[in-house]
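> Using the hints provided, position chains A and R relative to the given structure of chain L.
Protein chains in written order, with the numbering used here: chain L, 1 to 699; chain A, 1 to 361; chain R, 1 to 322.
Each hint should be verified, as a subset may be incorrect.
As the list claims (entries may be wrong) - One side only, chain A facing chain R, incomplete, derived with CB under 8 angstroms:
id, residue
1, 37
2, 108
3, 118
4, 330
As the list claims (entries may be wrong) - As a list, the in silico BS3-like pairs of lysine-lysine whose alpha-carbon atoms are at most 25 angstroms apart:
id, chain 1, residue 1, chain 2, residue 2
5, A, 12, L, 33
6, R, 30, A, 241
7, L, 267, L, 155
8, R, 212, L, 269
9, L, 445, L, 614
10, L, 51, A, 18
11, L, 179, L, 210
12, A, 222, A, 237
13, L, 631, L, 430
14, A, 126, R, 281
15, L, 33, L, 149
16, L, 430, L, 280
17, L, 679, L, 665
18, R, 224, L, 146
19, A, 121, R, 205
20, L, 665, L, 688
21, R, 30, A, 126
22, L, 267, L, 435
23, A, 241, L, 523
24, L, 274, L, 118
25, L, 118, L, 320
26, R, 212, L, 299
27, L, 193, L, 146
28, L, 280, L, 154
29, A, 222, L, 118
30, R, 310, L, 109
31, R, 205, L, 146
32, A, 154, R, 281
33, L, 430, L, 633
34, L, 109, A, 18
35, L, 417, L, 193
36, R, 224, A, 12
37, A, 18, L, 269
What the hints assert, rightly or not - A few chain A positions that, by computed beta-carbon distances, are all more than 10 angstroms from chain R:
id, residue
38, 69
39, 97
40, 99
In short, the hints are calculated from the structure, not lab data.
Ideal Cβ positions, reconstructed from N, Cα and C, are used throughout, including at glycine.
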Amino acid sequence: MRKQELIEKYGEPNTPLDGSIEVTPSEARQLLKIHNNKVESGNIDSFVSLKNINKVYPNGVQAVFDFNLDIEAHDFIVLVGPSGCGKSTTLRMIAGLEDITTGYLYIDKVLSNYLQSKDRDISMVFQSYALYPNMTVYDNIAFPLKIRKIYGPKKEYRVIANNEVINLLKTVPSADLEKSIQDSQDRTINFGKQFEYFSTKYDISDRASKIIVRYKFLSQDDIEARKDNIISQLEQENEGFVQELANKGYSLNENCEIVDPNGEVVKQKHRMTKEEIRRKVFNAARILDLGPYLDRRPKELSGGQMQRVALGRAIVRDAKLFLMDEPLSNLDAKLRVQMRSEIVSLHEKIGATSIYVTHDQTEAMTMATKIVVMSKGWVQQIGTPQEVYHNPRNIFVATFIGSPAMNIFDGTYNGGKVIFQDGYTVDLGKEFVEKHDKFFEFKVKDTERILSVINDKSFENALAYLNENIVPVVNDPQAVNEALPALRQILEGSLQEEKDNLIEGVDEIAMLIEQGDNSKYRKGIKHLLRLLAKPNKLNERDIASLHSAMVFGAFNENKEKEAQVLSYGKNKKEIKAKKKSHKVQTYDINELRDLAEKLLAAFNEALKGPHSIKIGVRPEHIHLDDEFTSKNKTKGFEVTTGVVELMGTELLLHAEWNGADVIAKISTGTLVKPHEQVKLTLDKSLIKVFDNNSCETIE
Amino acid sequence: MNQTIRLEEYAKRESRLKAFLSKYGMAVLFLGVFLACFITFFVVPLFYGIHISLTNFKYDHPGREVWNNFRYYKMLFDPKFKPLIYESFWRSFWHTIIFAILMVPMAILIPLILAIFINQKPPGYKVFRCLVYMPSIVPLTAAGSIFTLLFNAKVQHGLLAELFPNTIGKIDFPVQFWPEFHIFGASVNVSWMWVVIYLMCFWGGWGGNFLILSAGLQNVPKALYEAAGMDGCNTFKKAIKVTVPNIKPQIVLCLFTTIIGYMGLYGQNYVLAHPLVTKYAAQPGGVATSTLIYFIQSIIAGDGNAAADLKANYYGLAAAASVVFALIVGTISGIQMYLTRDRKTGNTISRSFEKWNAISR
Amino acid sequence: MERNLTLGSFNSLSRSGTQIKDRRRVPVFKIVSFIILFVFCAVWISPFIILFTGAFRSAQDAMTYPGQIIFPHSGYTIEQFEWILAGKIPTVDGKEVQQPSVQTYQFGYWIMNSCFSAIGGTLIYLLVASLAAYAFVFIDFKYRNLIFAICIGSMVIPGAATTIGNLTNIYSWGLNKSILALIIPGLGGIYGMYLIKTFFAGIPKDLVESAKMDGYSDIQIFFKIILPLGKTVLFVQGLFGFMGGWNDLVWPQMLYPGSTEANMKLWTLQVGMAYVVNNSKAADQVGSALAGGVIAVLPVLVVYLIAQNKIIEGMSSAGIKG
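One chain only, chain L, in its complex shape:
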């Protein structure tokens, strides 16, 4: 098909295509070229959508597990977590700097997994700023504009310039024009070249300003005298250009766009003109206050200024999506706070959707509209800063978010009462009992389901059936066809996630046999055999629900070992062993079964009677007994203060209580001294209780 027909059938060039259409390969190739590889697919509502994204490095290390996130337009998303949690990898996958192993990434509804990063319409600020040392600040900011081509109507710039000059001469009073000419010659006012003054002041193209400069007007009278002459001369010239086009069969419309003989506007890829670039860079420099530094090279700038240049380079692009990879981590503390607020206000100003990666929870809390907390490649919780702070989903989120960190105590739960190690008891009331029971009932049900999936033997049965009844008669299509329904039945009874895939495969084999295609159905059977031979696999969501139990929970036996390896791990053998153990992160199904069984037992236990829990209290919810008045106040308890830190209006009070280091944040005028007895109290309503085994918050 010709290009024109394709455009008529499937829409304007450079717009996203519907991915579900059926076309021939050659058409597909042409279409992709015309539409710049943009393929829309599925019904995605959000602006950026990440679905079941996994990342496995070539050396076998899995960095990101089952990442799901929907981002609305104008959101400011912060990915936060300790180092090595996979947050940067996720960002780099969105940016197109790392391949996505499995899963789908949609940016503006376009499936972007395989798009090159330059086609994704994103801009990124790197941790090291990535400023080109050999270019000035101006060139650095202009760089993305200079090399990018935009797709747009082809214009006759000569006519535009002439029109602009004519328009200028007609509308602007000649006195004003004379003053501009004088100003443009004044070295103290003009910048760069004389014509640039005109193009900026009157918002015209460089070509037009050069024409004005070329006329060398002397005075107001000179302008008046020559004005009409020049206008008619330029108009004549324009007619000449139009004639030139007409000779080739083209014409110009009112926007000076070239129209081809069919009446269509000619479109082409072209670079930005210099004045467009200049305007955009200067605009960015104004927003970021970079004016005085435009001539400098990066090494002459301070950290904060380099940071702003990097931001400038990202914003001039007007990209749909704005990525930032720990952009503030190289700055000193004071500058970091300042740049933090600058980035937030910049986001408000330009409103671009942003994804921001940091390990600093303060940054996450202060900047984000939505926080994604990650640990060891898993998403722990997604929510607004308030949600994450007030309702942490598990013990990791609770301790990671908030500074100073939440105090965690071991304790026991008994019928709505929370008992600390030393017997100090807090009664959380009937409501909590309900919550507790509901939580554990759900957990029991869920764990039972997971166990049933793990113990599901249907694939093994199907494999046995396949080997016994189909493989021996594989050369007889009729016999195979007769044996297939039974296989299908076995598979339908399966609890595995992949069963749909396999059933589809069985149906296809049946269809192939009906069609009499002998060679292909045998291949299909081989493929089935291969798929079924794989061990049972839990889906990622279920592994995720076991994950926190695996990493933080009471059944984790590896914890101690890991610590030892870290401190005395210089021995070669140990390093090797450590590398090996970290290499393959896929979970052993037997381990998972053990864990699930243990968890199930523990959950059932918890429903029956007292069981151990973890209690979390934020430092700001511990108060001095005499000063706190509230109906949620608990009984006071005495502690001996250790170190006392004065943080301006607040005191950070360290003390030992119930075998843990307690930190209390007390906003008071009373000065507590170190090493004295004080009476503290807790805010009952804000105490968090975590299940000891799954480490999830009971709520």
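Then chains A and R, alone, in the frame of chain L:
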């Protein structure tokens, strides 16, 4: 009819292919020429050279050679097989080794001392630095012409012979030998010309070392000296405990580049003099100041009829000698790589701390 | 000139030194260093003076007043240059200098060949090696580290091991009658590539990734970002390459042995000069060798004196890293 395909599928397939092709296409594009050159001009010749040394290869009829039972290696290592060639080769070998070893202290100590002086930044130190390095850029043939004039015999109006007629004037450098002496039973004749070669190498042979050492000295942080002073080191101890460990990598580098560099000594000897020693006159490396490379070069690149005979008969011998040469130099570089490798510190101290921690509680 | 300049600054230093009250602050070591360096440099550059004055001394003077080198008895003359460049043989006592049976010198060809070998070879090598270095640092492909390790490992094998093989190959390709043979074996050199790779590895990867996101292809990144950033290392490697090419004697001598007329037109300046020096050892001829020496040293010396600061710093940094 044409088969149709879902556009999404096609896009996925296409872009995967494109990504793969662009990655590997780029790798081939960027690396291809270099690797091709590396293989054609390094790997292939290396093995071809070994092949030549093991066969009766004739350079004017390649491709007809057959295995010759280590004939050329026997010439080099069996004293009885071809005694004159054997002696000539080992003479060249010892010349090279001893010269390289004698050159090392001069090529490291002198530049180190000068670097220390330069590092004091006396007035005009940049000019001095420039002048000290200047002889190193002089092509050895130009240097050869100067030293020829300086050390010509009295009858040829050598400059030093004219200036000091009673000492230097009495020696005819290109022709005379030291009085014969014995080491381990072997009689040794050393040409006076070695002195001139030594001086010429000494004049222009260590500029690179000088630059490396002075850069190394400059890189030693000042604070280290101050800290050492506060810890109670005097100037000498500072030099031993601070300067030397800090410029050790540079010293090792200079040591090995010097040795390896002088293992390849040839040009100086060729330019300054090549009178033949009568005994080895018709042999490869038969000149008074022969070295390993000289030995090879006299077979391959000699001028005149006698040389043409050598090239016709001993082409493989040159290959064998260069294999031996490569083994020697390769061993030295191997030692250098071994010495300059990154060393892991192990964990003995942490382990003993662990024990102490457990016991002393 | 230089002497006056340095002495002047020396005086001002000692004067300011006496103004300081604390006497121990007089930089004794500095003064000692100055004196030692001064003496040393005076000795060290004297061969240059001999080279230049000897080249401009007439053959007659060299025979009759051999001791007067710096100021020749009958003044400076260019007859040695006329001899080697134009074949005009000087006279001693009215007789032509007796010349051994040598071919006519071809200084024009030698200089051209040397330039081709040193400049052309270096430029081509720089391009090839920096492309490879880019691939090793910024392109992620399978077996990258293995290939690089093999390249580095081969650095222990000296070039001499490959010369015979290379030479034989060049014979069989018929390239031994071409000056192309001067440069091609050098293109497979590892050392320069290693030096450039080490430098490239110090360039933040973010720069490349950022340019890729802005739409640059690898080729554009290489030429527009990496090469401008790698100027220093390219300069240093270029210098090494130039010096190596200009001063190499062994390889061109192997390629074009024997002083036939055809071969002599393929010689480089070094081979030619070695021939000249070897044939001009007699007292009345040595001046021609010195004149040749001046021709060989002058281009290098001029470049060195103009760019000495850059050259010295570049060489030092290469030494620290390598």
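> All hints are to be evaluated individually against the structure, with a verdict given for each.
The hints, checked one at a time:
| no. | hint | in the structure |
| --- | --- | --- |
| 1 | 37 | holds, 4 angstroms |
| 2 | 108 | violated, 13 angstroms |
| 3 | 118 | holds, 7 angstroms |
| 4 | 330 | holds, 5 angstroms |
| 5 | A:12 to L:33 | holds, 14 angstroms |
| 6 | R:30 to A:241 | holds, 22 angstroms |
| 7 | L:267 to L:155 | holds, 9 angstroms |
| 8 | R:212 to L:269 | holds, 19 angstroms |
| 9 | L:445 to L:614 | holds, 22 angstroms |
| 10 | L:51 to A:18 | holds, 23 angstroms |
| 11 | L:179 to L:210 | holds, 17 angstroms |
| 12 | A:222 to A:237 | holds, 15 angstroms |
| 13 | L:631 to L:430 | holds, 16 angstroms |
| 14 | A:126 to R:281 | violated, 37 angstroms |
| 15 | L:33 to L:149 | holds, 15 angstroms |
| 16 | L:430 to L:280 | violated, 62 angstroms |
| 17 | L:679 to L:665 | holds, 14 angstroms |
| 18 | R:224 to L:146 | holds, 13 angstroms |
| 19 | A:121 to R:205 | violated, 38 angstroms |
| 20 | L:665 to L:688 | holds, 17 angstroms |
| 21 | R:30 to A:126 | holds, 14 angstroms |
| 22 | L:267 to L:435 | violated, 63 angstroms |
| 23 | A:241 to L:523 | violated, 74 angstroms |
| 24 | L:274 to L:118 | holds, 21 angstroms |
| 25 | L:118 to L:320 | holds, 12 angstroms |
| 26 | R:212 to L:299 | holds, 22 angstroms |
| 27 | L:193 to L:146 | holds, 20 angstroms |
| 28 | L:280 to L:154 | holds, 21 angstroms |
| 29 | A:222 to L:118 | violated, 48 angstroms |
| 30 | R:310 to L:109 | violated, 55 angstroms |
| 31 | R:205 to L:146 | holds, 21 angstroms |
| 32 | A:154 to R:281 | holds, 12 angstroms |
| 33 | L:430 to L:633 | holds, 17 angstroms |
| 34 | L:109 to A:18 | holds, 22 angstroms |
| 35 | L:417 to L:193 | violated, 79 angstroms |
| 36 | R:224 to A:12 | violated, 31 angstroms |
| 37 | A:18 to L:269 | holds, 22 angstroms |
| 38 | 69 | holds, 20 angstroms |
| 39 | 97 | holds, 15 angstroms |
| 40 | 99 | holds, 16 angstroms |
The structure shown violates the earlier hints numbered 2, 14, 16, 19, 22, 23, 29, 30, 35 and 36.
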